[in-house]
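**Q** Given chain A, work out where chain G should sit, using these hints.
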Amino acid sequence: MPSSTVRNLLVRGMLAGLLAGVLAFAFAFLVGEPSVDDSIALESTASAPQHVHGGDTAAAPAAPAAEEEEELVSRSMQSTFGLATGVLVYGVALGGIAALVYCFALGRIGRFSPKATAALVAAAAFTTVYLVPFLKYPATPPAVGNPDTIGKRTTLFFLMILLSVLLAVAAVILGRRLAPRLGNWNASVLAGLAFAVAVTLAFVLLPGNEDAVKETFPAALLWQFRLATLGIQAVLWTAFALVFGHFAERLLAPRPAPATPPATAVPAA
Amino acid sequence: MAQAIVSPTTEVTETLPIRALLPWAVFLGTLMLVLLYFVGAEQGATSVFSGASVHEWVHDGRHLLGFPCH
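In order, the protein sequence lines correspond to chains A and G.
Per numbering that gives the first Met the number 0, residue 0 is the first one in the first sequence, and the count goes up by one each step.
Per numbering that gives the first Met the number 0, residue 0 is the first one in the second sequence, and the count goes up by one each step.
Where hints are given, some of them may not hold.
Some chain G residues near chain A, calculated using beta-carbon distances under 7 Å [stated by the list, open to error]: (1) Ala19; (2) Leu21; (3) Pro22; (4) Leu27; (5) Gly28; (6) Met31; (7) Leu35; (8) Ala44; (9) Trp56; (10) Val57; (11) Leu64; (12) His69.
Hints listed in this document are in silico derivations from the structure and should not be mistaken for laboratory results.
For glycine and all other residues, C-beta sits at the position ideal for the given N, C-alpha and C.
Looking at chain A on its own, in the form it has when it is part of the complex (with noise of 0.2 Å):
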């Protein structure tokens, strides 16, 4: 294999990345956007001003309204090139460190075609890197955290990410040891269980958010938000196993292909 296929593959990472961020970013403005625009409203209403929303979060807590609040971003601004800006270097960003993860994985984790791996890697990167932790810290709509404690919750939703990701690498280093001797579906279904296992550990141990939502705040907009923010991340990942597959498959098997083409049906076990 030349020595440039490393540097290809992570460059088509990136690119997978920014266009699975495009698609997110479409379905963040489209499905997302409203509820976050609800949650402001309400915010805006609160009597109790706990969150001051665009301005400098030390600058005058016990402001009566709203109003007073300095705008250094309009709402028009975040919802638009600023939510396009945070998604699309969310998706490079992720779509270069999940090439890296790529890299590596392929041929490591079972045989498996490069598309069928490019899948595995983005439902492992989908699951450990937002479902666990969305499970345990599920994302916020604007006026329900509390300033005060942003420092422990990022530490606490960072650890977790971390968490989830080793308890997956340990996992799939157990299915590995396993296969030899139980056959890759049980050695399979195995580590499956012990990551869930490890995994319920830590949501029970870990401590949780100190945020609860408020009583006032609509349990229907609470859902849909969050209900979102969960689609967001599902399109991102299947538009990047997809595309980042096709691109990794046409690297990786160059040679014009004959009325069969090889390798491309190896099923997931």
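**A** Quick look at chain G alone, frame taken from chain A:
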């Protein structure tokens, strides 16, 4: 999910050597994590730059991507 690699004689793709991966992992990995930090945490929990303009600019993305945001 997991199966021992007997030999790269089948249709399975060959592995990429770790030595070729390591410099990329360190360089690109760090760069990507810095990007994630700026999207997810800058001017929230900790600040490299003072003010709140980074926070405000990526505000909606931060909420919708699940990061704790104020």
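**Q** State for each hint whether it applies.
**A** Each hint, compared with the structure:
no.: 1; hint: Ala19; in the structure: holds (5 Å)
no.: 2; hint: Leu21; in the structure: violated (10 Å)
no.: 3; hint: Pro22; in the structure: violated (9 Å)
no.: 4; hint: Leu27; in the structure: holds (6 Å)
no.: 5; hint: Gly28; in the structure: holds (6 Å)
no.: 6; hint: Met31; in the structure: holds (4 Å)
no.: 7; hint: Leu35; in the structure: holds (5 Å)
no.: 8; hint: Ala44; in the structure: holds (4 Å)
no.: 9; hint: Trp56; in the structure: holds (5 Å)
no.: 10; hint: Val57; in the structure: holds (4 Å)
no.: 11; hint: Leu64; in the structure: holds (6 Å)
no.: 12; hint: His69; in the structure: holds (5 Å)
Hints 2 and 3 from the earlier list are contradicted by this structure; the remaining hints agree with it.
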